[in-house]
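A.B. asks: Given only the sequences and the hints, what does the whole structure look like? Please build it.
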Amino acid sequence: MGTPEWAIPSLEAVIDSGCEISAVFTQPDRPFGRKRLLKPSPLKQFSLEQHLTVHTPEKAGSPETLKLARELNPELILVCAYGQILPQSFLDIPTIGCFNLHFSFLPKLRGASPVQTAISSGFKSSGVSLQKMVLRLDAGPLVAASEKETILADDTTPLLGSRLAEIGGKLIRDTLPKLLCGKFNQTEQNETEATYCRIIKKEEGHVHWHEESAVEIERKLRAFAPWPGIFGFYSTGDNSANKRRLQITKVEVVNGNFEPGKVYPELIVGTHSGALRILNLKPEGKQEMDADSFLRGQANIVGTFLE
Numbered sequence: 001m002g003t004p005e006w007a008i009p010s011l012e013a014v015i016d017s018g019c020e021i022s023a024v025f026t027q028p029d030r031p032f033g034r035k036r037l038l039k040p041s042p043l044k045q046f047s048l049e050q051h052l053t054v055h056t057p058e059k060a061g062s063p064e065t066l067k068l069a070r071e072l073n074p075e076l077i078l079v080c081a082y083g084q085i086l087p088q089s090f091l092d093i094p095t096i097g098c099f100n101l102h103f104s105f106l107p108k109l110r111g112a113s114p115v116q117t118a119i120s121s122g123f124k125s126s127g128v129s130l131q132k133m134v135l136r137l138d139a140g141p142l143v144a145a146s147e148k149e150t151i152l153a154d155d156t157t158p159l160l161g162s163r164l165a166e167i168g169g170k171l172i173r174d175t176l177p178k179l180l181c182g183k184f185n186q187t188e189q190n191e192t193e194a195t196y197c198r199i200i201k202k203e204e205g206h207v208h209w210h211e212e213s214a215v216e217i218e219r220k221l222r223a224f225a226p227w228p229g230i231f232g233f234y235s236t237g238d239n240s241a242n243k244r245r246l247q248i249t250k251v252e253v254v255n256g257n258f259e260p261g262k263v264y265p266e267l268i269v270g271t272h273s274g275a276l277r278i279l280n281l282k283p284e285g286k287q288e289m290d291a292d293s294f295l296r297g298q299a300n301i302v303g304t305f306l307e
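My numbering puts the first residue of the sequence shown at 1, with every later residue one more than the last.
Keep in mind that the hints are not guaranteed to be accurate.
[Claimed, not checked] The calculated lysine-lysine pairs, modelled on DSS-like cross-linking and capped at a C-alpha distance of 27 Å, are:
id	residue 1	residue 2
1	K201	K262
2	K67	K35
3	K201	K108
4	K108	K178
5	K201	K243
6	K202	K148
7	K243	K39
8	K201	K124
9	K243	K282
10	K132	K148
11	K59	K201
12	K220	K286
13	K286	K201
14	K220	K124
15	K108	K132
16	K178	K202
17	K262	K250
18	K108	K67
19	K132	K202
20	K262	K35
21	K220	K262
22	K250	K202
23	K201	K178
24	K282	K250
25	K250	K220
It should be emphasised that the hints constitute simulated quantities derived from the structure, not laboratory data. Small disclaimer: the values here were computed from a predicted structure and weren't measured.
C.D. replies: Put into structure tokens, the structure is as follows:
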């Protein structure tokens, strides 16, 4: 059970093991692009290419889905970034259990955004945990964990997530035989060390120049790539009420004392601590461009304040 590209290496590991795969469950096709055409999930596309049976229920806990899962009579269910909470009635179906691959060292960063949160929080390393699922969020006993993976200074969510996905695939290869024969250890998580991360919302990409430091904003840019990204608003022309969105796509940290939100020459913007030199950006309604190109058309932005 999974949805994004990050789930593919785990499925590849199961395929390579020679185990019988009774079915793949993934999210339903969703509207995509300006034309809102239905697009299958990456895991569905890959599964169909492998000639696997795919099911796309709207709700994993619906009576129809539970009936289908029981009829499949699985020994084991493997979950990686599925995108739905599984009810106890679903967790009880497999004879061995449901196991979830999570992209953090549990109990740290339980929840929906462990990769983004590790980057935005300035973690130096991350890893992958395999847990036997219980009803509480990411709170099940641990059955395996990877080695530490260093988070690089230029890591984005897609880059780090892809590496962790491959590490997760290796963890499945090493652990699956033990799971199937019932010869695995379970270690309860230490609840006193548990931390949580939430679903990222679009509005969280809005930069708060007076509250966030340059280092924090730079981390957030990498964490929120490709979505929701980070952005501010600038005034156009003589009408200060006419605000346009400015998507910021590449920056570098500048040390020194600057007024938060103020735009300086070279498109340097002050923050709560330090400043950011904006290198690439995407003004509302336009293509992405570098700072020089933007300043040629918006020279008057220097001295104003981003919101």
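A.B. asks: Given the proposed pairing of K262 with K250, does the C-alpha separation stay at or below 27 Å?
C.D. replies: holds (18 Å)
A.B. asks: K201 and K243 were given as a pair; does the straight-line alpha-carbon distance stay at or below 27 Å?
C.D. replies: holds (22 Å)
A.B. asks: Is K282 within 27 Å of K250, Cα to Cα?
C.D. replies: holds (10 Å)
A.B. asks: For the pair supplied as a hint, K202 and K148, is the alpha-carbon distance within the 27 Å limit?
C.D. replies: Roughly 30 Å between the alpha carbons, so the hint for K202 and K148 is violated.
A.B. asks: Would the pair K286 and K201 pass a check requiring their Cα atoms to be no farther apart than 27 Å?
C.D. replies: Status holds; Cα separation ~23 Å.
A.B. asks: Does the alpha-carbon distance linking K262 and K35 stay inside the 27 Å limit?
C.D. replies: violated (38 Å)
A.B. asks: Has the given pair, K178 with K202, been kept, meaning a C-alpha gap of at most 27 Å?
C.D. replies: Violated - the C-alpha atoms of K202 and K178 are around 41 Å apart, more than 27 Å.
A.B. asks: Against the 27 Å threshold, does the CA-CA distance of K59 and K201 hold or violate the hint?
C.D. replies: holds (22 Å)
A.B. asks: Tell me if the straight-line CA distance from K250 to K220 falls inside 27 Å.
C.D. replies: Roughly 11 Å between the alpha carbons, so the hint for K250 and K220 holds.
A.B. asks: For K243 and K282, compute the direct alpha-carbon distance and say whether it is at most 27 Å.
C.D. replies: Between K243 and K282 the Cα gap is close to 14 Å, so the pair holds against 27 Å.
A.B. asks: Given the hint that K220 pairs with K262, test it: the Cα-Cα distance must not exceed 27 Å.
C.D. replies: holds (19 Å)
A.B. asks: Take the C-alpha atoms of K201 and K108, compute the straight-line distance between them, and say whether it is at most 27 Å.
C.D. replies: Cα-Cα ~21 Å, so holds.
Figure legend: structure checked against the earlier numbered hints; hints not met, in rising order: 2, 6, 7, 16, 18, 19, 20, 23.
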